[in-house]
Structure formats: structure tokens, C-alpha cells
Amino acid sequence: MAPRTLAQKLWDDHLVARGDNGEPDLVYIDLHLVHEVTSPQAFDGLRVAGRRVRRPDLTIATEDHNTPTINIDKPIAEPTSRIQIETLRKNCEEFGVRLHSLGDIEQGIVHVVGPQLGLTMPGMTVVCGDSHTSTHGAFGAMALGIGTSEVEHVLATQTLPLKPFKTMSITVEGELRPGVSAKDIILAIIAKIGTGGGQGYVLEYRGSAIRALGMDGRMTMCNMSIEAGARAGIIAPDQITYDYVHGRPHAPEGAAWDEAMEYWSTLHTDEGAVFDAEVFLDANDLEAFVTWGTNPGQGVSLNGVVPNPADMSDEHEKAAALRALEYMDLSPGTRMKDIPVDTVFMGSCTNSRLDDLRTFASIIKGHAKAEGVRVMVVPGSARVRLEAEAEGIDKIVEDFGGEWRFAGCSMCLGMNPDQLAPGERAASTSNRNFEGRQGKGGRTHLVSPMVAAATAIRGTLSSPSDVSAEKVGA
Amino acid sequence: MDKITILQGPGIPLKRSNVDTDQIIPAEFLKRVTKTGYDDALFYAWRQDESFVLNQEPYSAGGVLVAGPDFGTGSSREHAVWALKDFGITAVISARFGDIFRSNAGKQGLVTAVVPEEVVLALWAAIEAEPGVAITVDMGAREIRCGEMVASFELDDYTRWRLMEGLDDIDLSLTHADAIEKFEHLRGNWRPTTLPARTA
Numbered sequence: 072m073a074p075r076t077l078a079q080k081l082w083d084d085h086l087v088a089r090g091d092n093g094e095p096d097l098v099y100i101d102l103h104l105v106h107e108v109t110s111p112q113a114f115d116g117l118r119v120a121g122r123r124v125r126r127p128d129l130t131i132a133t134e135d136h137n138t139p140t141i142n143i144d145k146p147i148a149e150p151t152s153r154i155q156i157e158t159l160r161k162n163c164e165e166f167g168v169r170l171h172s173l174g175d176i177e178q179g180i181v182h183v184v185g186p187q188l189g190l191t192m193p194g195m196t197v198v199c200g201d202s203h204t205s206t207h208g209a210f211g212a213m214a215l216g217i218g219t220s221e222v223e224h225v226l227a228t229q230t231l232p233l234k235p236f237k238t239m240s241i242t243v244e245g246e247l248r249p250g251v252s253a254k255d256i257i258l259a260i261i262a263k264i265g266t267g268g269g270q271g272y273v274l275e276y277r278g279s280a281i282r283a284l285g286m287d288g289r290m291t292m293c294n295m296s297i298e299a300g301a302r303a304g305i306i307a308p309d310q311i312t313y314d315y316v317h318g319r320p321h322a323p324e325g326a327a328w329d330e331a332m333e334y335w336s337t338l339h340t341d342e343g344a345v346f347d348a349e350v351f352l353d354a355n356d357l358e359a360f361v362t363w364g365t366n367p368g369q370g371v372s373l374n375g376v377v378p379n380p381a382d383m384s385d386e387h388e389k390a391a392a393l394r395a396l397e398y399m400d401l402s403p404g405t406r407m408k409d410i411p412v413d414t415v416f417m418g419s420c421t422n423s424r425l426d427d428l429r430t431f432a433s434i435i436k437g438h439a440k441a442e443g444v445r446v447m448v449v450p451g452s453a454r455v456r457l458e459a460e461a462e463g464i465d466k467i468v469e470d471f472g473g474e475w476r477f478a479g480c481s482m483c484l485g486m487n488p489d490q491l492a493p494g495e496r497a498a499s500t501s502n503r504n505f506e507g508r509q510g511k512g513g514r515t516h517l518v519s520p521m522v523a524a525a526t527a528i529r530g531t532l533s534s535p536s537d538v539s540a541e542k543v544g545a
Numbered sequence: 008m009d010k011i012t013i014l015q016g017p018g019i020p021l022k023r024s025n026v027d028t029d030q031i032i033p034a035e036f037l038k039r040v041t042k043t044g045y046d047d048a049l050f051y052a053w054r055q056d057e058s059f060v061l062n063q064e065p066y067s068a069g070g071v072l073v074a075g076p077d078f079g080t081g082s083s084r085e086h087a088v089w090a091l092k093d094f095g096i097t098a099v100i101s102a103r104f105g106d107i108f109r110s111n112a113g114k115q116g117l118v119t120a121v122v123p124e125e126v127v128l129a130l131w132a133a134i135e136a137e138p139g140v141a142i143t144v145d146m147g148a149r150e151i152r153c154g155e156m157v158a159s160f161e162l163d164d165y166t167r168w169r170l171m172e173g174l175d176d177i178d179l180s181l182t183h184a185d186a187i188e189k190f191e192h193l194r195g196n197w198r199p200t201t202l203p204a205r206t207a
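As you go down the protein sequences, you meet chains B and U in turn.
So for the first sequence, the numbering used here puts the first residue at 72; every next one is plus one.
So for the second sequence, the numbering used here puts the first residue at 8; every next one is plus one.
Next comes chain B alone, as it looks inside the complex (with noise of 0.2 Å):
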């Protein structure tokens, strides 16, 4: 067999049916997370037609987007959230879904949920109405966000028909420095192949600087691939990922195990095999990164200024870099780093996982946080949160003057009450930093764990170093 790209043997492992003359292939999906913004409609569309869920044991659901941080334990305050939620709840409980709902030990970011269950290995094809779903990658499956037409094509079929993919191989090579990590790595990798770079692709993250990350900073990776445009992002599997998934509670055991690993030893791009482009990044160049714009394309070096739209070649691109920098109240050739911030968000599918929350404690730990500066830290599901607090990390939180809140996407979309207000700034750790995305005239800049921690001692966008050779000075 001639030698195949990682996506390309996903694919071909669950092919139902080959398209001919130009129709789709028709795919196979392992998994199917569902949430409660993109399913009623889907859920609806089973009842019209009179169809029921294909497969409820490949199918799970948890509420995220909607729900409150605080007071989880009483109703939830506003009525379009609450209906939504309900609607939710009363569809699972029709079709036969497994949900876990808020107050449960496994409710939280549906892209958090899957892995931390061991629902999310090598091998698989993962599907999801949301953009996110690209996280799964980072196991080695095929993870595709959705939209609700999909989901209820899933649901009813537990197929998807799709045309294949074009594959990009981005390779990532040496060492990062201190103070830079997997959200610098793929905010840089927006920020050179652009939000369209990756359309129609699915990017395969590859060489020793993406090796030596942990599963929680491969997630990281895949998640935003989406904001590069791509279908998907993948990382082949390897002892790392083994030792991740091993034990957790759906991870095959004993015989089941042996199978899985067999199988999975198999899921790398082969020698030879041919990308349709290729990107290269220098690790060992790297510096914190952050978003200057409204769209997480636009970002710089952390050390750097605010870039001069007269300085852009490209009149699209120019266009928007005005329109952003009037929408960010924000000057050309101003250092990033006297950018003062209203908010640190610290949390979302991108970076609300255990090592992100560590990492975070381990910078404002012994510090007090800048003041007028609002701290909000959440957690990516409720076990997380249990683990965190377990370590203490609850505790240097609220003892740096922050707020430690219940899981949930939470600012990430505001579609609960935690908002930006107009004209506030944050500084935070999601994925995206469009118009409005945090609250309506809200101004985000995206950065990583590190900056994000820093960012709060100092009020205003800071790596790391800045508060060691503070502490030094001082």
C-alpha cells in the first residue's frame, strides 16, 4: 500500500461507503458529544421525521454553554438559558442519551468531558456541534465540529457524508523557552498561515517541540485549529497519549487493550507519505504571543507593538486591521505590553484543563493581584475543578483576590451572565477574540496560561519574567 498521511488512515478505517461521481464518502463516527445549544433543533428534526437516535451508546451529552458559575445549586436565573437547558435534558431523557448535568461530578466543557472520561482515544472519529470538537486531536482522531443539521445526521445515522480532505503538516521543531507554551505555538501558527490558511485542511501538528508537549497543551493545539480555518487538527498518538487515556473509566482493559494498542501503534503518517502543504515553525524562536485584533490571526509577539495597517500590503487585510484597531481603541506602535487590562479570563475548551489551572497558580501564587483588575478562573468541568482544589489551587486563587467559579465555556461566549462590559479589556486564555465575543463592545486579547497569570499581577499584558524580575528588583 503506498504509503498514507495519519488523516488519511482515519478516513479510510471508517469508510462505510466510497463516493462515486463526485458524491461524498460516508464516514463512520465513534462519537458524538452533544450540548445544549446546537441539538434542540436537531432533536426536533428526529421527531418530524419519526426517526430515533441510531446509537445512544456512541452518544453523550453534557451542559456547558449556558450555565451559570456561581450558585449552580439554585435555578438557573435567566429564562432563554433555563428553557434551553431544560429542552436538553427532557430530549436525552426521549432518545435515551447519557447526560450530565450541572451539579453532576462529570458535567463541564464537552470537549473536557470526552477526554477526561476516557471517551476520547487514537483511532477514533470524533463529532460535535461546536467549532471546538478539533480538540480530540490531540488523541490521534479525527474530531470534526459540526452543525446542527450534522447533529441530527448522527444522531439519526451515526454517519456523516463528507468529502475528503486536503492534509497540512505543520512542523514545530526545537525547544520552547520558559514562559512560552502551546498557546503561543498555535497563536503563532494562526498568525503566519492566517484565519483562512487552513480551510478545506486538516492540520497535522508534528516534530519534537510538539512531542514534548502533555496531552492538556496538545489539546491546546488542536483546539484552535479551527481558528486557522482547518476541518481539523490531529497529533499522532504515543506513549504520552497511552499514559493519558490508560485506566480512565471508559479505556479498554485487559484483552480489549492489547487490540486498542496494537491498533493504535499504527496511527502515524508512514515514511513517504505526501502532504498537500507543508508549514514549518522554529520553537526555539518563539516568544509569548498575543492578539492584538479581532480575529485571532491578528497577533504579535508579546514583545512587540501594535502593527501599522499602513505597513499591510493586502488591502483585506488592511481594511480590517483599521476596523479593528478602532474597535480595540488601540494605536499603532504601542508596546503590547502597556496595554492595561479590566479582566483576566482564565478558562474555556482552549485552556481550562488541570496543567492550565497548575500553571496559572504556580505564577500568582504569593502575589495579590493587580488592583481594579477582575480575576475569574474556571474550571473545565466539575472534576477538574474537585482536582484543582485537591492541590490547593482554589485557595491561591481567592487568596490572590480572584474568583475561583464553577465549570462551564462560562466568558469564553457570554452566554451566561459572566460578561464583558462595554469598552472592558481582558486579557484572556479562549480561543476567540471577534467583536463582541465576550460581551457586547467587549475588547479580548487571547494569551496564554502564563500571560494570562502575569497579566493579573500587573494589570497589564505581562509574561512571566516581567514579575520574576520584579520580585528581584524589589
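Hints were generated in silico from the structure; no laboratory data involved.
Careful, some of the hints might be misleading.
Some, not all, of what chain U presents toward chain B, calculated at C-beta under 7 Å [to be verified]:
{"hint": "1", "residue": "F36"}
{"hint": "2", "residue": "G75"}
{"hint": "3", "residue": "T166"}
{"hint": "4", "residue": "S180"}
{"hint": "5", "residue": "T182"}
{"hint": "6", "residue": "A186"}
{"hint": "7", "residue": "R198"}
{"hint": "8", "residue": "A204"}
Please read these numbers as outputs of a predicted model, since none were measured by experiment.
C-beta: ideal position from N, C-alpha, C; glycine also.
Chain B is fixed; fit chain U onto it per the hints.
Below, chain U without anything else, positioned relative to chain B:
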């Protein structure tokens, strides 16, 4: 789904690139559990500005949207497609679309026509010269027509055929019911099931 053969309506110039789905419909409108009634939510933040194109005549009743590159990036929310349709947008013309948005549009009968950048610029110029000028999207001929101008557009054969025939995707996939069942028997034993539920 209705069969789509020829669409016609006033060309609406949206001279912005990277129009993400958060702009098309902000998250606050995603709390509804219905599939219709999103016309007021379309471009909600931008429409607060009276000079925004959809607040201008002759564009306020919908038509064919002509947008800058990378339209529909970001969130997978199909609500973006529903809102465009509810407002009366029948087709969007752009040089590049977000993949998930484009897939959603194809399922819901919103035509997404990909054309070279020059065609977008020419259409903007034509609209500027004659506001309200009609754009025709001819699915059969795979052509966009505006005044004297004729340009072909890209839409994959399968989606075009399905839209022209008004076919339901799920029914088409279920013609492979036997193949799905056969595939399910051959899946490895190690592959997890969500039921019975296990937790740590």
C-alpha cells in the same frame, strides 16, 4: 427542502473580510430552541449602526449578499445560516468561506457561491453604480449574472445537485443502511461506548 434552480435579488455589498459567525449572529440569540425567527438577530451588533448596509434601502428586504473573503469563519452555529435565510438572503457570494458555515448552508438551502476576488470587486462596483441592481444565481448554468456581467461560480457537484433536487441528506445516507450495519459489526472491540455509563 425546496428545489433551488434560479435565485434573483438585489445585490447587497458587505465590504468586510473575515465575517465570523459571531458577527452574523451573536451568542445571545443562540438560546432559542427553534429554527426560525432569527431575522432580527442577523448582524445584530452591526445593525445598531444606522449606516450599516442592511439598514439601507434597497437592501433591507434581503437579496444576494456579496461579501469579502473568509465569510462565515469561526463558530459552527447553524443559526448563522438560519438568520441569513430568515432575513431574506438567498445566496452569499464570496472568494472564500469558512468550511463549517459552507457545509451548514448546503444543508439548509442557502447557496454559497465561490468566485475569484475580481468578481466580488466587479459586483461591488456594479452595485455601487446602480444600487438595487439584481444579481441572478443560476444553479443549472453555475453562473452569476449581473447586468452585462456573467461569471461562473464554484459549488461542488453533489451539493448543487442536492439543492437543485431539494433532497434530504439523511434519506440519502440511509440508502446505505446495510453498509452502515455491516460496518458496525466489524468495529474493534476496544472502541468505547458511552453506555453503560462509567465514571471514576
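Hints versus structure:
Interface restraint check for U:F36: the shortest CB-CB distance to chain B comes to about 9 Å, outside 7 Å, so the restraint is violated. A hinted interface residue such as U:G75 counts as satisfied when its beta carbon comes closer than 7 Å to some beta carbon of chain B; here the least separation is about 6 Å, so the hint holds. Against a cut-off of 7 Å between C-beta atoms, the interface hint on U:T166 is violated, since the closest Cβ of chain B lies about 9 Å away. Interface restraint check for U:S180: the shortest CB-CB distance to chain B comes to about 5 Å, inside 7 Å, so the restraint holds.
Checking U:T182 against chain B: minimum C-beta separation of about 9 Å lies over 7 Å; hint violated. Satisfaction of the interface hint for U:A186 is found here, the shortest Cβ-Cβ separation to chain B being roughly 5 Å, below the 7 Å cut-off. Taking 7 Å as the C-beta contact cut-off toward chain B, the hint placing U:R198 at the interface holds, the least distance being around 6 Å. Because the closest C-beta pair between U:A204 and chain B is about 5 Å apart, less than 7 Å, the hint holds.
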